[in-house]
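So the protein sequences, as listed, match chains P and H.
Residues in the first sequence are numbered consecutively from 1, following UniProt numbering.
Residues in the second sequence are numbered consecutively from 1, following UniProt numbering.
Treat each hint with caution, since some may be false.
Just so you know, same-sequence chains aren't split out, so a pair can sit in one copy or run between any two.
Unchecked claim - Capping the alpha-carbon separation at 25 Å, the derived lysine to any residue pairs in SDA-like fashion look like this:
(1) 221 x 173
(2) 34 x 21
(3) 221 x 128
(4) 81 x 71
(5) 221 x 131
(6) 34 x 222
(7) 81 x 29
(8) 81 x 164
(9) 81 x 107
(10) 81 x 40
(11) 81 x 177
(12) 221 x 88
(13) 221 x 167
(14) 34 x 62
(15) 221 x 192
(16) 221 x 144
(17) 81 x 108
(18) 221 x 184
(19) 81 x 154
(20) 81 x 96
(21) 221 x 137
Please keep in mind that the hints were generated in silico from the structure rather than gathered at the bench.
Protein chains: 2
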Amino acid sequence: MDTATIYHGRGKGKGFMRIAELSRISGVPVPTIKYYLRENLLPPGELTSPNQASYDETHLHRLRLIRALVDLAQVPVAGVKDVLEGLDSPTMPLHDKIGRAHRAITPQRQLPSTSEAHDAATTQVQELLASRGWSVERDAPALNTLIETIAALRTLHQDHLVDFLDSYAAAVESFTEIEVAAVTTRTSSDEIAESVIVGTILGETLISSLRLLAQESISAKRWTKPAGN
Amino acid sequence: MDTATIYHGRGKGKGFMRIAELSRISGVPVPTIKYYLRENLLPPGELTSPNQASYDETHLHRLRLIRALVDLAQVPVAGVKDVLEGLDSPTMPLHDKIGRAHRAITPQRQLPSTSEAHDAATTQVQELLASRGWSVERDAPALNTLIETIAALRTLHQDHLVDFLDSYAAAVESFTEIEVAAVTTRTSSDEIAESVIVGTILGETLISSLRLLAQESISAKRWTKPAGN
Numbered sequence: 001m002d003t004a005t006i007y008h009g010r011g012k013g014k015g016f017m018r019i020a021e022l023s024r025i026s027g028v029p030v031p032t033i034k035y036y037l038r039e040n041l042l043p044p045g046e047l048t049s050p051n052q053a054s055y056d057e058t059h060l061h062r063l064r065l066i067r068a069l070v071d072l073a074q075v076p077v078a079g080v081k082d083v084l085e086g087l088d089s090p091t092m093p094l095h096d097k098i099g100r101a102h103r104a105i106t107p108q109r110q111l112p113s114t115s116e117a118h119d120a121a122t123t124q125v126q127e128l129l130a131s132r133g134w135s136v137e138r139d140a141p142a143l144n145t146l147i148e149t150i151a152a153l154r155t156l157h158q159d160h161l162v163d164f165l166d167s168y169a170a171a172v173e174s175f176t177e178i179e180v181a182a183v184t185t186r187t188s189s190d191e192i193a194e195s196v197i198v199g200t201i202l203g204e205t206l207i208s209s210l211r212l213l214a215q216e217s218i219s220a221k222r223w224t225k226p227a228g229n
Numbered sequence: 001m002d003t004a005t006i007y008h009g010r011g012k013g014k015g016f017m018r019i020a021e022l023s024r025i026s027g028v029p030v031p032t033i034k035y036y037l038r039e040n041l042l043p044p045g046e047l048t049s050p051n052q053a054s055y056d057e058t059h060l061h062r063l064r065l066i067r068a069l070v071d072l073a074q075v076p077v078a079g080v081k082d083v084l085e086g087l088d089s090p091t092m093p094l095h096d097k098i099g100r101a102h103r104a105i106t107p108q109r110q111l112p113s114t115s116e117a118h119d120a121a122t123t124q125v126q127e128l129l130a131s132r133g134w135s136v137e138r139d140a141p142a143l144n145t146l147i148e149t150i151a152a153l154r155t156l157h158q159d160h161l162v163d164f165l166d167s168y169a170a171a172v173e174s175f176t177e178i179e180v181a182a183v184t185t186r187t188s189s190d191e192i193a194e195s196v197i198v199g200t201i202l203g204e205t206l207i208s209s210l211r212l213l214a215q216e217s218i219s220a221k222r223w224t225k226p227a228g229n
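In isolation and in its complexed conformation, chain P is listed as follows (with noise of 0.2 Å):
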């Protein structure tokens, strides 16, 4: 807990700070916080002077959300406003917080792949949501992406590492099936969307760095450098 830390706070009690020690605990330097409160990503502090105002845990917590996104995930600013909107809403359903966080994170260009790789990709995913039981809408941003992505494995000439696809998705499954438990362990509504949200995200992080060094150990062992390398 941070709270030791910022017990500081003049004349507000526990936990207020002005935004200099907010960025000294944060890590985020002071222009960085103001551009944050000038997009709204981080809700105003609270006014103790026309020119001066002061932030407690939530902020904190808010600052370090936002770097989290920015930083690991790679999220734009953009899509990080869009995320912490819907983590907001007290209406918006977790379904559409969690499309939100989807978008965020999913590049949605057109690729140049050929027609005949898109057609044979289209077929495929299709097989496969069929095959899994995987009910998803028509426009999920991920839909697209893995269309595209195994057609221009196929025009590169990669079929190869396409014909596994049943496969990783059952591992993928696997592990989606261990992080939605996880979340559920939470109680409050809020506290399961945010948690939800948080883990998609960084959660993708997580899974892709264990990933490559999965990757590294075994391909250390198989193809091994030159001494002296």
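Assemble the complex: chain P is given as a structure, and chain H must be docked to it using the hints.
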């Protein structure tokens, strides 16, 4: 195959084309192709007159590879350049080529997590590597990202998402083994190198979109939207 479509090269025989044709077939605008040529991402065409060059299928293939890395895997152009330089090197060991691909898709920024969270994360990751028998280099980019992500999740009070790290790692290892097995169906060392690099980078996009689809399907069943939404 696109051979039929690019049969109209002038006087150069099968598969030769002007930049306009390369643009039409690849779907990449001429100014973007010229930018890739200037940046040496794309090798120069063969000069047919002082200000006209002709391109062949190797250019088309390279262009599609660049677009897949930029558009789907969202690798910055500098990272793409680094990866392609590795791929083109006749002397660089495959393990180092893979290292370039890993760096291209791994964020390298330090995050403001608390030092206790960072220490706990470092210990947890060291224990994980030991228990799974993963040997990775101390400066592996994904190692830092994994530690920072776990530290960030703990700082954001999402410890429950980290409790299942061993299970995630086991699931991730299982599909990484499938991926590596797929790559080793290739025979020549150039083919293996390109397949490993493309598989490393686009495999990330593949796994990520599969995960989001699995998650959407599970979340739709658990947290359904209200009627009429």
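Is it within a copy, between copies, both, or neither that the alpha carbon of residue 81 lies no farther than 25 Å from that of residue 29?
-> For residue 81 and residue 29, the Cα distance is within 25 Å only inside one copy (19 Å; across copies 31 Å).
Which holds for residue 221 with residue 137 at a C-alpha limit of 25 Å: within a copy, between copies, both or neither?
-> between (41 Å within a copy, 12 Å between copies)
Which holds for residue 221 with residue 167 at a C-alpha limit of 25 Å: within a copy, between copies, both or neither?
-> So residue 221 and residue 167 pass the 25 Å test inside a copy (23 Å) and across (23 Å) alike.
Same-copy or cross-copy closeness of residue 221 to residue 144 [CA-CA at most 25 Å] = Answer is between: at 21 Å across copies they meet the 25 Å cutoff, but 35 Å inside does not.
Using 25 Å as the alpha carbon limit, work out where residue 81 and residue 154 are close: within a copy, between copies, both or neither.
-> Only across copies: residue 81 and residue 154 sit 22 Å apart there, 35 Å inside one copy, limit 25 Å.
At 25 Å max between alpha carbons, let me know whether residue 221 reaches residue 184 within a copy, between copies, both or neither.
-> Answer is between: at 13 Å across copies they meet the 25 Å cutoff, but 39 Å inside does not.
Give the relationship of residue 221 and residue 131 under a CA distance limit of 25 Å: within one copy only, between copies only, both, or neither.
-> between (35 Å within a copy, 17 Å between copies)
Have a look at residue 81 and residue 107 and pick one of within, between, both or neither, based on CA distance no larger than 25 Å.
-> both (17 Å within a copy, 20 Å between copies)
With 25 Å as the alpha-carbon cut-off, assign the pair residue 81 and residue 177 to within, between, both or neither.
-> neither (28 Å within a copy, 37 Å between copies)
From the Cα coordinates, with 25 Å as the cut-off, is the pair residue 221 and residue 192 best called within, between, both, or neither?
-> This pair counts as between: shortest inter-copy Cα distance 15 Å, intra-copy 41 Å.
Between the shortest in-copy and the shortest cross-copy C-alpha distance, which are at most 25 Å for residue 34 and residue 222: within, between, both, or neither?
-> Result: close neither inside a copy nor across copies, 50 Å intra and 38 Å inter.
Can you give me the call for residue 81 and residue 108, within, between, both or neither, at a CA distance of at most 25 Å?
-> Both ways: residue 81 and residue 108 sit 17 Å apart in one copy and 22 Å across, limit 25 Å.
The structure fails to meet hints 6, 8 and 11 from the earlier list, while all remaining hints are met.
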